[in-house]
Each structure stands twice: as structure tokens, then as C-alpha cells.
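**Student:** Below, each chain spelled out in residue letters.
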Amino acid sequence: MKKARELLQAVKVELQAVAGRMVNGVQLATGAIKAPETGTTPHEVVLDVAGCRLLRYTDDTARKHRHPVLFVPSLVNRAYVLDLVPDRSVVRYLQAAGFAVYLLDWGIPGTGDRTTTLGDYVEGRLDLAVDRIRQREKVCPVLAGYCMGGSLAMMHAALHPEKVASLVLLATPVDFEEAGLLRTWARSSAFNLDAFVDSSGLVSPDVLNMAFTMLKPSWQARNSYSLWKYGWSKDFLRSYLAISKWVNDPVPVAGEAFREYVQQWFRENRVMKGGLTAGGRSVDFGRVTCPVLNVIAKSDHIIPPPCSLAADKVFTGSRRFENQVFPVGHIGLSVGEGSFTKVWNRIAAWLADVEDSGSGGKA
Amino acid sequence: MVDFSDMLFKQWEKGFSTFMDQLVRNQAFLTQMGKLMEGSNLFRMVVDRSIIKALESIQLPTRKDMEDALAAIRRIEVEQQKLATRLDLLQDSLTAMTEAMATLGRVAVDTAEASGCRNQKDMGDAEAAPSKPKKKKKG
Numbered sequence: 001m002k003k004a005r006e007l008l009q010a011v012k013v014e015l016q017a018v019a020g021r022m023v024n025g026v027q028l029a030t031g032a033i034k035a036p037e038t039g040t041t042p043h044e045v046v047l048d049v050a051g052c053r054l055l056r057y058t059d060d061t062a063r064k065h066r067h068p069v070l071f072v073p074s075l076v077n078r079a080y081v082l083d084l085v086p087d088r089s090v091v092r093y094l095q096a097a098g099f100a101v102y103l104l105d106w107g108i109p110g111t112g113d114r115t116t117t118l119g120d121y122v123e124g125r126l127d128l129a130v131d132r133i134r135q136r137e138k139v140c141p142v143l144a145g146y147c148m149g150g151s152l153a154m155m156h157a158a159l160h161p162e163k164v165a166s167l168v169l170l171a172t173p174v175d176f177e178e179a180g181l182l183r184t185w186a187r188s189s190a191f192n193l194d195a196f197v198d199s200s201g202l203v204s205p206d207v208l209n210m211a212f213t214m215l216k217p218s219w220q221a222r223n224s225y226s227l228w229k230y231g232w233s234k235d236f237l238r239s240y241l242a243i244s245k246w247v248n249d250p251v252p253v254a255g256e257a258f259r260e261y262v263q264q265w266f267r268e269n270r271v272m273k274g275g276l277t278a279g280g281r282s283v284d285f286g287r288v289t290c291p292v293l294n295v296i297a298k299s300d301h302i303i304p305p306p307c308s309l310a311a312d313k314v315f316t317g318s319r320r321f322e323n324q325v326f327p328v329g330h331i332g333l334s335v336g337e338g339s340f341t342k343v344w345n346r347i348a349a350w351l352a353d354v355e356d357s358g359s360g361g362k363a
Numbered sequence: 001m002v003d004f005s006d007m008l009f010k011q012w013e014k015g016f017s018t019f020m021d022q023l024v025r026n027q028a029f030l031t032q033m034g035k036l037m038e039g040s041n042l043f044r045m046v047v048d049r050s051i052i053k054a055l056e057s058i059q060l061p062t063r064k065d066m067e068d069a070l071a072a073i074r075r076i077e078v079e080q081q082k083l084a085t086r087l088d089l090l091q092d093s094l095t096a097m098t099e100a101m102a103t104l105g106r107v108a109v110d111t112a113e114a115s116g117c118r119n120q121k122d123m124g125d126a127e128a129a130p131s132k133p134k135k136k137k138k139g
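Note that the protein sequences, when read in sequence, are chains L and P. Here the first sequence is numbered in my numbering, starting from 1 and rising by one per residue. Here the second sequence is numbered in my numbering, starting from 1 and rising by one per residue.
Chain P extracted, bound-state conformation (with noise of 0.2 Å):
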């Protein structure tokens, strides 16, 4: 069956497409539009202007002063973070750390010891068994 509503829609849209791809591309409208931005944004700026003056002239704090201490806040809020995390990193890099260096040292031991047992019995000499590590005196 032919859906006859599908293929007037497509037609509309095909028409209406190409209609309006050629109006947005067009300088003369773009130049309509842009000015129609720059009206009111220049009818804002007029107003945001007298009032800034008005503000600074009893010395209050403008709008844009606000604006930029709250954006230093926020700035500062996100450093304060950042460092937070940071350090949060290098405090588990460091654990890591640790963790790998008792791993060596324990394998470390366990081969001086191994090799100082094969050592002692392919001499068969008590001068070559380890010597015992000194205790420290304390005080």
C-alpha cells in the first residue's frame, strides 16, 4: 500500500528544506539577524552600563564584581579539591611503595638465608655459618 501522507510530507519537507538551507545561508538575512542581536544586546548593555556607574558611584560592589569573586571561590574550590586528590594519590603510591619495598626486603632475607643454609653445608665449617646481626644497645 502507498502511504500517500509519507510521501506529501517528503515533498513538503524536501521543498521547505531547501527554502529555508538557502534563507540561512543568505548574507542579507544573516546581516538582518545579526543586527537584530546586536540591537538588543546594545539596549542591555546601555542599561547594565548606567547601572554599574549608579553602583560604583555610592561605592557598592557591581554585579561583574560579584560574579568575579564568586568564579575565584569556585576557582579556588576546584584547586582546593584538586590538591585534596593529589594527595589522596600520592598517599596510596606511597603505601604501594611500601608494600613492594617489605615484599623485596622479605625476599631478600629469605634468599641471604637460603643461600647462607647451602653455603654453611657445602663448607662444612662453623666459620662460614651467617653471623648473628648485633643487637643495639639501647640507651
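This is chain L alone, in the form it adopts within the complex (with noise of 0.2 Å):
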């Protein structure tokens, strides 16, 4: 009888799920249901240079903290990642935890942005934004960078130790030894480096996106799965058209660039060997004396942990470094369900701790 009663209940609840994946499904497909808005905390444009932005977060209602984070996302994907919608937005969380925040937008390169270099990102664009915060705010930022955000973060920090309060690095690649697929890919003999770049000036971002596919081949039937699978929920729907818009919405890469990151970083894997250069600059890590945390994704299938693992032998000098692990993916330290309360909690923790230390970066 309690079994009969059991499976009675299975069944109505599958037959619901079945209509509400029906009623959704028509919804999706007719357009009644559509993408949420992304990038919606209200925000300033502080910089506009080169097609590229520094927003400010204006509410500063909860801040409690001197040191604003600065965000330095990827060049290959966009800047909204970090402020995807209102209940998955990282900018929303860490003002609500009392901090100040800026996001860097590095914005769609175009022409003439074929012979942008990295330096042309990190001397040029970020430390440009660097400075204008310090002047604003008359203290050093927070570099937070996310994946290849990460590398130019770092360079910067090495390059400028005394702009830098502290560093935060996400799924941030510095053992290219243990760089995966794309380290196989990208040191392959049949990868002509030089005629790629300089037939195509910019890395079309449909390359792009069918190599990060291509590294988790399973990913667009396991989110088309997930889609039959949990398409009856509204909130589900919600989410999944965000970070299916935001996928879906890559960038192309400056040449140039392109070129000095697979050459320098993947190939000769000089983070690790040494002899790194940005913008005709030596890069020493050794010189970054801030305080450092590394985040990494325990299920990263871009970044293999091991990959971002090798931090510690790279910033000697920091005055405290951190390597946390979590159980995230790399898109999922960000917009998952949950990071807020796995990972961000502890991040916001850890840099509200420098801060009362005083560990942290002079004004």
C-alpha cells in the first residue's frame, strides 16, 4: 500500500514536470520566455579609452572596506560574466559584503586592433585603469583576475608591486606544463602559430569557441539534457538562458596578443621558466610582494588544477599566499549555483582579513 501510494506520487510528479516542460518549451520557442538582461547593477563609466571601459558600482551603501576590487576579466569572453544576473553576480555579492567595485571591460577588439600587444593591455589599458582608481579612491586596488584576466593581473602586479593592494587569481593558468588539451593543442606541430595569426590578424571567436568545445565535447548535449531534464522550472529557464547567452557571445582576440600568450606562455612556459616580457618589460614575479590568493576549480576542464597549483613557486616574494581549492567548474566559480556561498563567502573573508591585518597594499 505505502509502495503503491510512493509510486502514485512519482507519477504525478513526473506528469507535471511534463507539462511544465511542455508549457516552457512552447514559451521558449515562441520567444514568450527570452535571455534576462545581463549586466544590470547600476553602474558608472569611469573610462572610456581605446574601446575600452572601467565601470564603477555605484552603491556603495554597505561598503566597509578601504581597498576596491578591481575585476580584470579574459580578453576571449565578455566582461558580464561577473555581473551576469541580479541573483548571479559577483559584483552584487562583494558590494553587499562591503566592498567597493570596479569591472574592467576590455571591450570587442576591432580594426586596428591586429598589432595590440599584451603590453598594450597590461601597461596600457589596465594600469591606465589602476591609476585612475588610485586617484578616485586615493588607495591601491584589489586585482581579481579571472582565467587569462589572471595572467594579465599577475603581470601587472609584477610590473607595478607598489599600485597593488592585494591579488586574487581565478582559474588562473601558470604551469603550462599542466595546461591539458590546450597545452597539446597548442604546442602541436601541426598549430602553424605564424600563419594563423597573420592571415587572420584577429582569432575569430568562432575558433575559439569550438576549441573550448571541443575540450568538453559532452558539454552542449549534457546542457541540452539539462534543459529536458529540469526545462519545467522557471528559475532554471532563467539562468540557463543567461549563461547560454553569455557562451554563446565570445569575443575575437588581437593577433598579436594571441600570438605572445600561446607563444610565451603556452609554448616556452616561461611563468614558470622564466624570461616573460610585456610591453619590452622583464616580468619578475618574485617582485610582487602583496598578499596572494589562489582560487581554483577542483573540476576546471579549461585550467586543470594542477595548472594554477604551481602559484606558490611563482610569487616567492608575496608577504601571504593562499591556494584555495574548490568544487566548482571553471565557469561555475562565477555564476554556479551556490558559489556564492562555497566560494565567494571565503573570498570576501579572506580579503576583509588582509584588510584588518593590514597586510594589504599601502594607499
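Among the hints, a few may not be true.
[Stated by the list, open to error] Below, in silico cross-link-like pairs of lysine-lysine (BS3-like), each with a Cα-Cα straight-line distance of 30 Å or less:
no., chain 1, residue 1, chain 2, residue 2
1, P, Lys35, L, Lys216
2, P, Lys35, L, Lys229
3, L, Lys3, P, Lys10
4, L, Lys342, P, Lys35
5, L, Lys216, P, Lys14
6, L, Lys229, P, Lys82
7, L, Lys313, L, Lys273
8, L, Lys298, P, Lys35
[Claimed, not checked] Restraint ranges, calculated between C-beta atoms of paired labels, are given here:
no., chain 1, residue 1, chain 2, residue 2, range
9, L, Arg63, P, Thr31, 50 to 58 Å
10, P, Leu23, L, Lys138, 29 to 37 Å
11, L, Gly98, P, Thr103, 27 to 35 Å
Keep in mind the hints are simulated off the structure, nothing from the lab. Computed from a predicted structure; not experimentally measured. The beta-carbon is built from N, C-alpha and C at its ideal position, and this holds for glycine as well.
The task is to assemble the complex, starting from two chains supplied on their own in separate frames and drawing on the hints.
**Tutor:** Following this line, the structure appears as C-alpha cells:
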């Protein structure tokens, strides 16, 4: 009798789910359900130069920490992943935790960016953004770099250690011997890097998207399966559509910056072996003295954890270095369900502790 | 309750991922992909070169010339903004320093005045009184 009741209950739940799927499916197909607006946290543009914008999130009501946080996103994705939708916004979370937040939006490279180098990004745009923040806030910012943005942030911290209060690296590659499939492809003799960059100028987002898809070929199928399985839930649909919008909205990469990154970082592993340069200047990570938090996503299929874990061998001069590993994926680190209660609460606590203990940078 | 759809999907995903992982690491596959990319790039390069030659022969700027010019303008734009921001930072430091100097000056005067008063009291002598600052003659 009890089993029969359980069975009936299960059938009822499944029927409700089927009905929900049908209704939502029709609404999705007819466009009645649209991808939610992204990047809606109120902000002002405090710098707009060479296609790159520095956003300052304006709500300061909860602010209690002196050092603002500057997010440095990757060059291969749109910056709004860090402010996706209101309930999945790293920006909003840190604001509520008492931090002033800035976001560097690299923009979309176009004509004229063919020859833009990593040095132009780091010594030009990023350094300008940091100076602008120092001028506005009268203190140095915390640099928080995500993925390739972490590479740019760590270069800046090495070139200008006096301008950075502390450094947070999110799923950032460091030891490229451990970079998995990306390393295999980058070093393959079949990949003629110079011919590829010289002919394309800007690296097409389609090529990059294809490469990322190939890293986890079942990802698309898993996505479709999840849509079928949980598509009855409006909440699921909303975040599904927002994440899909971001994933399918990649940007091209400046050819010279791409060449430098593949050659110096992936092929020659200069972060570990030394000899890295940016804008003609030698980059020595031993010069970074500020506190460094290295955040690693345990299930990261793009940057495998061993690739990031080596950071402690690089930041030998940091007065406080910490690796923190979380059971999330590469994208889940910023937009995953529960990433705020699992990951960002710990990052915010670390930042607060660094500031309270006085081990952060000077004004 | 056992979720059969989950079980089936996971089985398929495991098999598919293993197959694809072997494929994308396979040197023969990578060589073919490389050739494919190179082929499409080669075609584009040949077309680009012929257009460049044609434009150069009639002394018109090529696409590369335009891009280089635009890149140079962007670099100058960034440098100009950097200099402006640095000037602002210097101005701020200067203002802060001036304020600090003024505060220090006030503290020094107060201290001197206080110690001067004490000396006067201690010595009980008119000569111990600090001399009044001389007024500068105008003109």
C-alpha cells in the first residue's frame, strides 16, 4: 500500500514536470521567454579609452572596506559574466559584503587591434585603470583576475607592485606544462601559429568557441539534457538562458596578443621558466610582495587544477600566499548555483582579513 | 527511485567523452585539422596579397596601413589618458603635501609659542621674551 502511494506520488511529480516542460518549451520556442538582461547592476563608466571601459558600481551603501576590488576578466570572453543576472552576480555579492567594485571591460577588438599586444593591455589599459582608481579612491585596488585575466593581473602586479593592494587569481593558468589539452594543441607541430595569426589578424571567436567546446565535447549534450530534465522550472530556465547567452557571445582576440600568449606562456612556459616580457619589460613575479589568493576550481576542464596550483612556486616574494581549492567548475566559479555560499564568502572573508590585519598594500 | 534517464545519459557521456578525448589528442587528427586551418588561411593570404599589390600599385593605403594608423592613434589615446591621470595623482600628492606642511608649520608655531611663554615665565626676565617678527618694508 505504501509503495503504491509512493509510485502514485512519483507519477504525479513526473506528470507535473512533463506539463511544465511542454508549457515552457512552447514559450521558449515562440520567444515568450527571453534571455534575461545581463550586467544590470547600476554603474557609471569612469574611463572609456581605446574601446576599453572601466565600470564603477555605484551602490556604496554597504561599503566598509577601504580597498576597492578591480575585476580583470579574460580577453576571450565578455566581461558581464561577473555581473550576469542579479542573483548570480559576483559584483553584487562583493558590494553587499562591503567592497567598492570596479570592472574592466576590455571591449570588442576591431580594426586597429591586430597589433595590440599583451603589453598594450597590461601597461596601457590596465595600468591606466589602476591609476584612475588610485586617483579616485586614494588607495590601491585589489586586482582580481579571472582565467586569462588572472595572467594579465599577475603581470601588472609584477610590473607595478607598489600599485596593487592584493592579488586574487581565479582559475588562472600558471604552469603550462600542466595545461592539459590546450597545451597539447598549442604545442602541436600541426598548429602553425605565425601563419594563423598573420592571416587572420584577429582570432575569430568561432575558432575559440570551437576549441573550448572540444575541451569538453559532451558539454553541449549535457546542456540540452539539463534543459530537457529541468526545463519545467522557470528559475532554471532563466539562469540557463543567461549562461547560454554569455557562452555564445565570445569576442575575437587581438592577433599579436594571442601570438604572445601562445608562444611565451603555452609553448615556452615562461611563467615557470623565466624570461617573460610585456611591452618590452621583463616580468619578474618574485617582485610581487602583496598578499596573493589563488582560487582553484577543482572540476575545471579548461585550466586543470595542477596548472594553477604551481602559483606558490612563482610568487615567492608575497608576504601572504594562499591556495584555496573549491569543488566547482571553471564557469561555476563565478555563476554556479551556490558559488556565493561556497566560494565568494571565503574570498570576501580573506580580503577582509587581509585588510584588517594590515597586510594589504599602502594607499 | 532510480533515475534511468540519468543513468543512460551518464553512460553515453562517459563513452562519448573517452572517444572524443582520444580523438582530439590523436596526432593524425590534429595534423588534418592543422592542414584544414592552414588551407583556409592560405586562401585568405593569397587574396589579401593580391589586393595589397593592387592598392600599392596605385599608391593607395592598404588595409594594413589603415590598421597601423588606427593602432597608433589608440596607443596615443591611452598614453594621453595615462599622462592626464598621473598629473591628477601628482596634483593630489602635492595638495596633500602642502596641507601636511601647513599643519606642520602650525604645530611648530604653536610649540614655539608655548615654549616661549614657558621661558618667559621661568626666567621672569623681559629679555627672555621672543622678539617680535620684523615687518617687511614694502616696495
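**Student:** Which of the listed hints are broken here?
**Tutor:** 2, 4, 6, 8, 10
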